[in-house]
Amino acid sequence: MLAAPVDKEARDRGAEQLRETWKTPKGFRYCTAVNNSEIGKWYALSAFFFMMCAGVLGLLIRVQLAVPDNDFLSADRFNQFFTMHGSAMMFLFAVPMFEAISILLLPGFLGARDMPFPRLSAYGFWCFLIGGIFVMSSVLFGVAPNSGWFMYPPLATEAEGMGSDIWLLGLSFIEVASIAAAVELIVGVLKCRPPGMRINLMPLYAWYVLVVGGMILFAFPPLIAGDFLFELQRSFDWPFFDPERGGDPMLWQHLFWIFGHPEVYIIFLPSIAIAAMVVPTAAQRPIVGYSWIVLSAVGTGFLSFGLWVHHMFTTGLPSMSLGFFSAASEAVVIPTGIQLFAFVATLMVGRVKMSLPMLFISGALAIFTAGGLTGVMVALAPFDWQAHDTYFVVAHLHYTLFGGMVFPLMAGVYYFFPFITKKTLSKRAGRIVFWLLFVGFNVTFLPMHLTGLMGMPRRVYTYPSVMGWDLLNLISSVGAFIVAAGFVVFAIDLLRPRGRQPFAPRNPWNAGTLEWSHDVPEENWGVRSVPYITSRYPLWEQENLVERMDEGRFYLPDAPELKRETLVTTVLDAKPIQCLRVTGPTWITIVAAVFTGGAFIFPTFHWYPPAIFCGGVAIASVIYWLWTATSQIPEKGKDVRDAGLSLKLPVYASGPASVGWWGVWITMLGDATAFASLVFGFVFYWTAKPDFPPAGTEHAMLSYLALGVAALVASWASIYRARIVNHQGKVATTRTLLVAAPLLAIAGSGLFYLSVANADLDPTRHVYPAIVWAVMIWTIVHTGGGVIMQCYCLAGAVFGKVTPEHDADLWNVTLYWHFVCLTVVVAGLTIGLMPRVM
Amino acid sequence: MAKTEQDEERRTLSEEADSLWMITFAGSIWAVHFVVCYGATAAVCAKLGGDAAAIMTLRLALGGFTLLALAGIAFVGWRSWVQWDFLNDWNYEHALAGKEHRHEFLGHASFLLSIISFIGVIYVSLPVLVLETCQ
Ligand code: HEM
Ligand SMILES: [Cu+2]
Chain A
1 MLAAPVDKEA RDRGAEQLRE TWKTPKGFRY CTAVNNSEIG KWYALSAFFF MMCAGVLGLL
61 IRVQLAVPDN DFLSADRFNQ FFTMHGSAMM FLFAVPMFEA ISILLLPGFL GARDMPFPRL
121 SAYGFWCFLI GGIFVMSSVL FGVAPNSGWF MYPPLATEAE GMGSDIWLLG LSFIEVASIA
181 AAVELIVGVL KCRPPGMRIN LMPLYAWYVL VVGGMILFAF PPLIAGDFLF ELQRSFDWPF
241 FDPERGGDPM LWQHLFWIFG HPEVYIIFLP SIAIAAMVVP TAAQRPIVGY SWIVLSAVGT
301 GFLSFGLWVH HMFTTGLPSM SLGFFSAASE AVVIPTGIQL FAFVATLMVG RVKMSLPMLF
361 ISGALAIFTA GGLTGVMVAL APFDWQAHDT YFVVAHLHYT LFGGMVFPLM AGVYYFFPFI
421 TKKTLSKRAG RIVFWLLFVG FNVTFLPMHL TGLMGMPRRV YTYPSVMGWD LLNLISSVGA
481 FIVAAGFVVF AIDLLRPRGR QPFAPRNPWN AGTLEWSHDV PEENWGVRSV PYITSRYPLW
541 EQENLVERMD EGRFYLPDAP ELKRETLVTT VLDAKPIQCL RVTGPTWITI VAAVFTGGAF
601 IFPTFHWYPP AIFCGGVAIA SVIYWLWTAT SQIPEKGKDV RDAGLSLKLP VYASGPASVG
661 WWGVWITMLG DATAFASLVF GFVFYWTAKP DFPPAGTEHA MLSYLALGVA ALVASWASIY
721 RARIVNHQGK VATTRTLLVA APLLAIAGSG LFYLSVANAD LDPTRHVYPA IVWAVMIWTI
781 VHTGGGVIMQ CYCLAGAVFG KVTPEHDADL WNVTLYWHFV CLTVVVAGLT IGLMPRVM
Chain B
1 MAKTEQDEER RTLSEEADSL WMITFAGSIW AVHFVVCYGA TAAVCAKLGG DAAAIMTLRL
61 ALGGFTLLAL AGIAFVGWRS WVQWDFLNDW NYEHALAGKE HRHEFLGHAS FLLSIISFIG
121 VIYVSLPVLV LETCQ
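Just so you know, the protein sequences line up as chains A and B, in that order.
The first sequence maps to residues 1 to 838 in the UniProt record's numbering.
The second sequence maps to residues 1 to 135 in the UniProt record's numbering.
Here chain B stands alone, though its shape is the one from the complex (with noise of 0.2 Å):
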């Protein structure tokens, strides 16, 4: 059977696996501080009550969470922004047929991802700073 054909899907996966990997990530960095910010303030607050030594804690806890997001968030963005390589030819259009284009289109689809990402995670952090009890 032709070989070839048959890896070629594999070969191009692999190539860009970097930043197929890069697209998926700020939004998943997203999702999982979301869910780990309303997981813990559940638990804390259906298992522990009102205690405000506990919500303190959870609030700190939250808050540097929400830094080490930011920052993994910011990284990925930091990374894209690379590989879209924007200042070399000013290209955000990517209409062509070459390997670059789809190259830097990924590369510029997750820096937009990564910064809508990152508005998120500032959103839903919120709440953590200015909210002291469950109720």
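Excised from the complex, chain A in its bound form (with noise of 0.2 Å):
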């Protein structure tokens, strides 16, 4: 069947469909554009951006410390560059780098037409930029906050000024933004690849955006819940690390870097991910030990989570804790060497093409496995008591960075450019810039390992001349400023115009994997037909794959009801199962994000009724975007579609089948861990604290939450119900229980609120009190968003959105209830039993 020629006609009646469907929006309806490829663009751009921004930072920094005894910054000026410098480069530019390139990639390598919830990266894509261009600005301000990236309590409590609020609730809105593109990346892993390709065919890539997005996962909402009690502490008082008050400042540290390690491997896990996809295609054959590398990524994955404490080795916590943490962070050179040690085979067995994407691998090698020596060296506490806070560790830290992040980072600009744009970039520029690179970080860096030996503290603003750090300082300011002309170089070349040079070649590089079946010049489908894939380099592997994609014999090769659409696979075999129509154009999205901006922004002035105002538009804008475009029912007789090659594919899926599910799956995840934080925070203080709970102080009132506990699980058992005599196709029991479920949630959230509120409770006076409201407001919040889901199933319902055939929202909204479920019931026992029985 796929040998026989498809109808010229036909053909070309698929490709104009193809073409109107996937059609880019023009003017300034250009920004309402959702598809991966211009999302992508943007994000990367805007992240480029914000790296620039930090750089200039940098610079200024460096300028500062040229000479002794300089006057160029202030104290405070210098503090806020510093702290906006390490900020900006991990959180508006390293995280959502990756995410950037992994959306504007991921469907590509998955011969998918797009992912699968365009308007969540949209909103995702807004929200980041809104949040990035409020909290980089502060810096022009004089606002900017000024206690470092990692905004140690009692000096970030402390600090005057709005400039920890700014980070707080700027940074916890990017990171919302985060785990949203996370979710979708995940998603689109597990279900939009294409026919055939098992999970043991999955380009190397896909691997590691799964782990890393797993990884964003588990690390960012510790650091949320974070930020949710230093800014309840920063708002309200409440005395979370207030010592004075039975508060602790090591919380903070704790949940910040159980954040923050994992961070540097969020950041260098996708690079290496660039690499595994450059280094096959410069030796030009498969990559050596592919079940290697996925284990070796998937073993850091977890080993980076046992890492945190290395980063507190001076905090005084037992030594033994501490021995735990040194042996854990040794370990994880194993699993970081093989994935090395994979690539340099491959690169030994194949014969090997020094493209330019090449040398900047090359270079990244050589950076960082010097910097992963001083890292071993750094992870020995005894070494670290020496080292900690000179500059051995900015230097130890650039190393990793440069070498992990943004060398390779630069490989996969060159390497993906024409597939991104069609074009390529200057091959003569591109050397020019590698050196400025490399020899200019090495000048600046370089000497910082002796500067920091010799005693040169970080972050101080200025020193003496009596020490003898002058001239190495000196050396550090000239490299940085190599380092500068570099990325000034680059970006002339990245951006110039490019209207009159000749398109690249479809595959320049003579590469292996899916992404190089891209048409050249640009078409906005992804795929002209989604492929069957039956091996991890098809375009070597499968013969006459590419001509055949492009004839239109594989599947969807049409658009008949100018809808898009892609397929759906099962997670592990990547069987179709269903063919999702994803959404387009639309202006919801920004609209919810610029909305939501204003939920997080206002509070930072402490202006609470706009924010609160700017929250409710913000819900009701979502909740129109998910019911006008989420789980439509087809119409009757176009409910199944015929995709080609004779599969008929069902146009709506409900439960594991769908990919809604997935995603809400997922979210519930993150949304668990950050729960969980919260309790390791009642945990923690009543190991740190002799006085948890405080004597003879009140609890909350355990006959109010029980009924609360009680009325809450009944409304989870209410809508879990529903669920099945829907299905069932009793709607009228449905109806009922869709009615009960809101009730017995409302009523339940009420008790669950009085069972503190009434108690005498004062969460100003100790952190006792105020850990007990902490955890109740959190679900309360969470019981909150699930009233309102569970109304909108009943509106669906009502209204037919909801029928016995068709409950997707049911399904995602019941899933949402087990979590709460437990949330609820583990809630209780904390505040209600734990402090009882301590």
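Because the hints were derived from the structure by calculation, they are not lab data.
Given the structure is predicted, the values throughout are model-derived calculations rather than measurements.
For glycine and all other residues, C-beta sits at the position ideal for the given N, C-alpha and C.
A portion of the hints provided could be inaccurate.
Partial pick of chain B residues on the chain A-facing surface, computed with a CB cut under 7 Å [what the hints assert, rightly or not]:
| # | residue |
| --- | --- |
| 1 | Glu9 |
| 2 | Thr24 |
| 3 | Val32 |
| 4 | Cys37 |
| 5 | Ala40 |
| 6 | Ala42 |
| 7 | Ala43 |
| 8 | Asn91 |
| 9 | Ala109 |
| 10 | Val124 |
Put the two chains together into one complex, using the hints given.
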């Protein structure tokens, strides 16, 4: 069947339909686009812009430190600059850049038309842009955060002005966007692969996306929980980190580094992933040790969570505890090493062509190895006591970041540029960029090892001349400008207009993976037809694949209804199970993002009423967007789509077969992690503080609490039951249950609230009542969200959006409520029972 | 609605349920072991201070727990070695599109992960062997 030629007329008609369906809006409606190729491009350019801003701050820091006793910057400004430099590099550049590139490339790797939730990526992008501009511009007004990128209390809690609030709220906002993108990417890898691409055939990049997405899901929530407590302290004086009233700054350090260490790997692994795509192409052969690389990636993901305390070696923790972390830190070297060895092995057995991307990869290897060696040094607790907070650490950190992130990323830009823009970057300029960066980098950071060993501390804004650090610092500053020159050349080459430049060949590196089947010149449909995959390097190993894709001989070669579609397949074996209608251009995501931004930004000025208003509008726009665009019931007779090659697929899916269900499930894993961090805080105070809970204090009222928990569990049971009876077609019972569920949830939330509010628990007095309040608030915010969702289902049932056969919304809300139910029970035990037995 | 497609997801997932669990087991054992070691030490050191007897008990208990964890990981490793079935066909690439390759790949994967977890657990427990006080 595959070999049978397709009638030319049908082929042209299909192409025309696809072109029409996937066309990008023109004019100023361009910004309503949601297609992964546009969103990815904007995302990447914004992240690059923030990187340049942060780089300028880095340069200004180096100018200040170039000579002793310099007064180019005031101490306060210097503090703002290094804080924003670090924060912006980590939150506005490194993580968003990974997500941007993945959104841009992933559908290409997977032969998919788009990501599963295009509007979610658009929403995430606009949130990122708004939040990023807000946080970054605080530098211009001299009100930027100034307590270091890790914001240690009490320095940051006590800090004057709104810098700390900007950091907490602005970056929490961006973290929400990061998590949204992570969910999207994970579901994309799991459910949107081309038919036949079993889990053992996935491109390595997809594996890394899976691992890194998972890490984001477990690493960011603790920080969000920390931000939540921190902001409660800043705004309402709840003493979570105030030792005077039972609080403990160490809790912040724990929560921050449970995020912060994996963050380093969250930055590092995607760059390794790029290397994993570049290396086999350079060697012109399949990667050596595919399983080993996959496993090392997964293993690194796991182990990196056990390392957070190595940033806290000097905080006076028991040395036995330190020992665990020191040991675990050394252990993580093993999987990291395996990945590097696999690359080297591939290069050795292949016929390497030293292309520009390969040049950057080799630079990365050299620099990263040096950074890894110093890393092993600082991971040893006794050495760390010596080098802690000196420039030695600054040197180590930049060696790993440049070697592990910036250089591989540059390799990726040069490698994938023809895929993204259909043009090539200049080879000559590329070599200049490489050498400027490589030389400049070493000139800047190599001397810092010495300055550090000679005792120069981090984060000092100036130093006296007598210490003998002068020359080394001057060299570092000169080096920084060489690096900057490299980036300027790069930016010019990247952004210059390319109208008259000829198109790049279609597969310029002769690579083997699916993204290089792309169309030149640009077509917005992703792939002309979705192929059937039987190997890891289909372009090398499956004959005539590209010709057949082009001729539309595979799946979905047309769009008769002019609706955007992509295939959904099973998680393990990629068997096609649904033809998913994906959403198109819209304003609603921008509206939602702007108002979400308001809800986060107004509180930095302590303007709560407008913040609450914005929050309300944001929720309303999200509901509108879901109602009008997701789980649409297909018309009668059009609920099955002929996808080609005699494959007939349903258009509608619910439960585990649908992408929405997986999206909820993955989001809730992250949410549960944040809640677990709050409970961790509760237990932490108990171990760390002799007076927790303080003697003679009141507790949350048991009777109310027990009733509240019971009502909420009953609400969960109703929604769960509603899903089951709805499927059996008992419409009346379903509606009754759907009315009962929100009523029970409201009653339960009220009782839960009263159990704390009616007790004599003043959250400003001591950390114990404060954390009880925090757990309570967290819980009822979730039950409140649950009420909205239950009402959404009720409305759906009444207005025919939810029927016995079409019950995706009910499945998703029930899944959400499984988690809410768990949260409610654990919260009840934590604030009701635990303090009474402690 | 086309029921068969909807059930396809559940069918393959349950077919490989064992090996999917197995992939997560070794890493999870490492994680639980880590958290227990850390949590128990923190609790004993914070609540009982430098009490030598308590620390001795802690070290013995953690030592025992470590052996348990290692045994668990070894078991997972052995099961996945069997699933990988290496000696049968000497295949460590699993680059083909068959059910068998997917199955063996999952086995290979969890085998390697158990090696890493095994080493990880040993590393984490070294301090329990050598350190005798909280400070
Ligand atoms: C031209 C390139 C760069 C220069 C000249 C530079 C310079 C510096 C300097 C001098 C510091 C120390 C500030 C102090 O302790 O007083 C610093 C800190 C830091 N840098 Fe960079 N940097 C560069 C690129 C990067 C990149 C690419 C990243 C991350 C992807 C990064 C992440 C950080 C972080 C996280 C800190 C710690 C901030 C803090 O202590 O709060 N830097 N940088
Ligand atoms: Cu670390």
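Under 7 Å, Cβ to Cβ, is where B:Glu9 needs to be relative to chain A, so tell me if that hint holds or is violated.
-> 5 Å, holds
Given B:Cys37 was flagged as interface, is its beta-carbon under 7 Å from a beta-carbon of chain A?
-> 6 Å, holds
Report holds or violated for the interface hint on B:Val124, using the least CB-CB distance to chain A and a cut-off of 7 Å.
-> 5 Å, holds
Classify the hint on B:Asn91 as holds or violated, based on whether any CB of chain A lies nearer than 7 Å to its CB.
-> 10 Å, violated
Agreement of hint B:Ala43 with chain A interface, Cβ distance less than 7 Å = 5 Å, holds
Close enough to count: is the Cβ of B:Val32 nearer than 7 Å to one in chain A?
-> Violated, about 11 Å.
Grab the minimum C-beta distance from B:Ala109 to chain A and call the hint holds if it beats 7 Å, violated otherwise.
-> Interface hint status for B:Ala109: holds (6 Å vs cutoff 7 Å).
Quick one, is the B:Ala42 hint okay against chain A at 7 Å, beta carbons?
-> Hint on B:Ala42: holds, closest Cβ of chain A at ~5 Å, below 7 Å.
So, B:Thr24 near chain A? Judge it on the closest CB pair being under 7 Å.
-> Cβ of B:Thr24 sits 9 Å from chain A, so the hint is violated.
Residue hint B:Ala40, partner chain A, criterion CB-CB below 7 Å | Since the shortest Cβ distance to chain A is 10 Å, the answer is violated.
Checked against the numbered hints given earlier, the structure breaks hints 2, 3, 5 and 8 and satisfies all the rest.
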